[in-house]
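Visitor: What follows is each chain in one-letter form.
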Amino acid sequence: MRLEYFQMIDKVLELDLEARTLRTANTVPDESPIFEGHFPGHPLLPGVLLFEIMAQTSGMLALRLHNYDRMAFLASVDKGKLRTFVTPGQVIEVFSRLEHDGSGYARLKAEGRVEGKLVCNADITLKTMPFPAPELRGYLLSTAKRIGMPMGDAPAAGEGACQESLTHV
Amino acid sequence: MSTTFETVANIIAETCDIPRENITPESHAIDDLGIDSLDFLDIAFAIDKAFGIKLPLESWTQEVNEGKATTEQYFVLKNLVARIDELIAAKSA
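Chains as they are written, first to last, in this note's numbering: chain F, 3 to 171; chain G, 152 to 244.
With the rest of the complex left out, here is chain G (with noise of 0.2 Å):
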């Protein structure tokens, strides 16, 4: 897996006290991994520091709130990993 899951691991372990071992690329956030939307906040803060980026927390919520989208979609993490990268892609283009 790319390193950009590695960082994302280690942020979530180290943020929410989880055995980085429990952590993999099918681990869902919320319904494996038990992170609730507070921790959720930390996570995302060290994510945005650590790549650059700005995660679009609010509309994906608001997606997910329509039944647009699932949580699966942005919440599995091989799923976040690839919309980060995405992201930063997109900051470099």
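Chain F on its own, in the form it takes in the complex (with noise of 0.2 Å):
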């Protein structure tokens, strides 16, 4: 993670395109600025971010399953539970599944687990729409590309202006 960058995703353990489910790692920092506020002397890393990193593995999972032609935002969070702290050097593995994929938005379920126990868990909303700026769609093939996204043979990357776009995150 790079929470200043705020990219939180490490790396794709599992994509499954048939049962519409992401799993990524994530790794928190030993160090982070963040962490001389929250809190000195006890770091933890904040809730916001555990429910960002749902978020991001969730919108992840949406940009895939729909080859990148659209972006996805974070619209709600909802029944969202932070059920114990993550500290420095902890990995969270986190698992997302698109519940619904309506129009103009998407609805997954998502959770957190550290060593195997459940640490957080939200209904997330994204709200998909087509990217507003090319450069956001090439951050975006940049960043799958960065955590080891399976694009097999739908990916956008072989559109060459958006390939051309990438750039290395």
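Possibly wrong hints are sitting among the right ones.
In the BS3-like style, the derived pairs of lysine-lysine whose C-alpha atoms are separated by at most 25 Å in a straight line are [said to hold, decoys possible]:
1) G:Lys205 with G:Lys219
2) F:Lys13 with F:Lys129
3) G:Lys219 with G:Lys200
4) G:Lys200 with G:Lys242
5) G:Lys200 with F:Lys129
6) F:Lys129 with F:Lys147
7) G:Lys205 with G:Lys229
8) G:Lys242 with G:Lys205
9) F:Lys129 with G:Lys205
10) F:Lys83 with F:Lys119
11) F:Lys111 with G:Lys229
12) F:Lys81 with F:Lys129
13) F:Lys83 with F:Lys111
14) G:Lys205 with F:Lys81
15) F:Lys147 with F:Lys13
16) F:Lys111 with F:Lys129
17) F:Lys119 with F:Lys147
18) F:Lys111 with G:Lys219
19) G:Lys219 with F:Lys129
20) F:Lys81 with F:Lys147
21) F:Lys119 with F:Lys13
22) F:Lys81 with G:Lys242
23) F:Lys13 with F:Lys111
24) F:Lys83 with G:Lys200
Distance windows between CB atoms, simulated [what the hints assert, rightly or not]:
25) G:Asn173 with F:Pro134: 34 to 42 Å
26) F:Gly150 with G:His179: 33 to 41 Å
27) F:Asn69 with G:Glu165: 48 to 56 Å
28) F:Glu20 with G:Ala240: 25 to 33 Å
29) G:Thr158 with F:Glu101: 46 to 54 Å
30) F:Glu20 with G:Gly203: 17 to 25 Å
Partner residues are not named here, just some residues of chain F that face chain G (Cβ under 8 Å, in silico) [as the list claims (entries may be wrong)]:
31) Ala77
32) Gly104
33) Arg109
What the hints contain is simulated information worked out from the structure, not anything from laboratory work. Note that CB positions come from ideal geometry on N, CA and C, so glycine has one too.
Build the complex: two chains, separate frames, hints provided.
Guide: Printed below as a string of structure tokens:
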């Protein structure tokens, strides 16, 4: 994770297109300026970032399922639970499942576990829409590559204009 | 009114915490009931699940924004229910 850049996902562990699920691994850094304030002498990953990890995993799943022709923005977090502290150095495995792909929105269920223990879960609603800027699409494709998202034969990376816009993240 | 309306009205009442008696077939979801776009996503999700359909919210919004339709056509509940019934019929056809 690079918390200061909101790069929450380290790598993809498993993508199941048929079941519409994604599992990611995300290591909390040992050091970050965030821990200087949250909290002195008792560093904890802020709960809002646990929601962000679940939202980003859900978003990357939604993007992959839409073959990167639509962006997904976080719209709401329902039934959010922060069940225990997450500390520097721990690895959070996040699992997200697309529950419903609606018109202009997607609803997913997500959860995070540390060493098998449930640490957070939520129902995530994403607003989906055409990419508002080509560089954003390029950034997301680059992120997908960085985290090892299986692209199969569906990725938009084959489309010249977008491939050219890829930047290393 | 149809059972479709009862289901939709109950969904709106529960999702938006609106008294059920305030929701009528003539109610405009936005103007009368004060439902915003985010709350309507929750309603759409519940409707999609309840009826096994996919409300075409994006195309409706686009039509309204382009002046090709009015919000009344899609968001007055009796009209919304009629659209839902059409989608249900199309699904089983």
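Visitor: At the C-beta level, are F:Gly150 and G:His179 separated by a distance inside 33 to 41 Å?
Guide: violated, 48 Å
Visitor: Measure nothing beyond the straight line between the CA atoms of F:Lys83 and F:Lys119; if it is 25 Å or shorter, mark the hint as holding.
Guide: holds, 13 Å
Visitor: Given a hint of 46 to 54 Å, does the C-beta separation of G:Thr158 and F:Glu101 actually sit inside it?
Guide: violated, 19 Å
Visitor: Regarding the pair G:Lys205 and G:Lys219, is the alpha-carbon distance no greater than 25 Å?
Guide: holds, 21 Å
Visitor: Holds or violated: F:Lys13 and F:Lys111, Cα atoms, limit 25 Å.
Guide: holds, 19 Å
Visitor: Is the shortest C-beta separation between F:Gly104 and chain G less than 8 Å?
Guide: This hint holds: F:Gly104 lies near chain G, its Cβ roughly 6 Å from the closest one there, short of 8 Å.
Visitor: Is the Cα-Cα distance between G:Lys219 and F:Lys129 25 Å or less?
Guide: holds, 23 Å
Visitor: Compare the distance between the alpha carbons of F:Lys81 and F:Lys129 with 25 Å, and conclude whether the hinted pair is satisfied.
Guide: Status holds; Cα separation ~18 Å.
Visitor: Just to be careful, I want the Cα atoms of F:Lys83 and G:Lys200 compared with a cutoff of 25 Å; is the pair within it?
Guide: holds, 24 Å
Visitor: Does the alpha-carbon distance linking F:Lys119 and F:Lys147 stay inside the 25 Å limit?
Guide: Violated, at about 28 Å.
Visitor: Regarding F:Glu20 and G:Ala240, is the given constraint of 25 to 33 Å on their beta-carbon distance met?
Guide: holds, 29 Å
Visitor: Quickly compare the C-alpha distance for F:Lys111 and F:Lys129 to 25 Å and report which way the hint goes.
Guide: The hint holds at about 15 Å.
Checked against the numbered hints given earlier, this structure breaks hints 3, 11, 17, 18, 20, 22, 26, 27 and 29; the rest are met.
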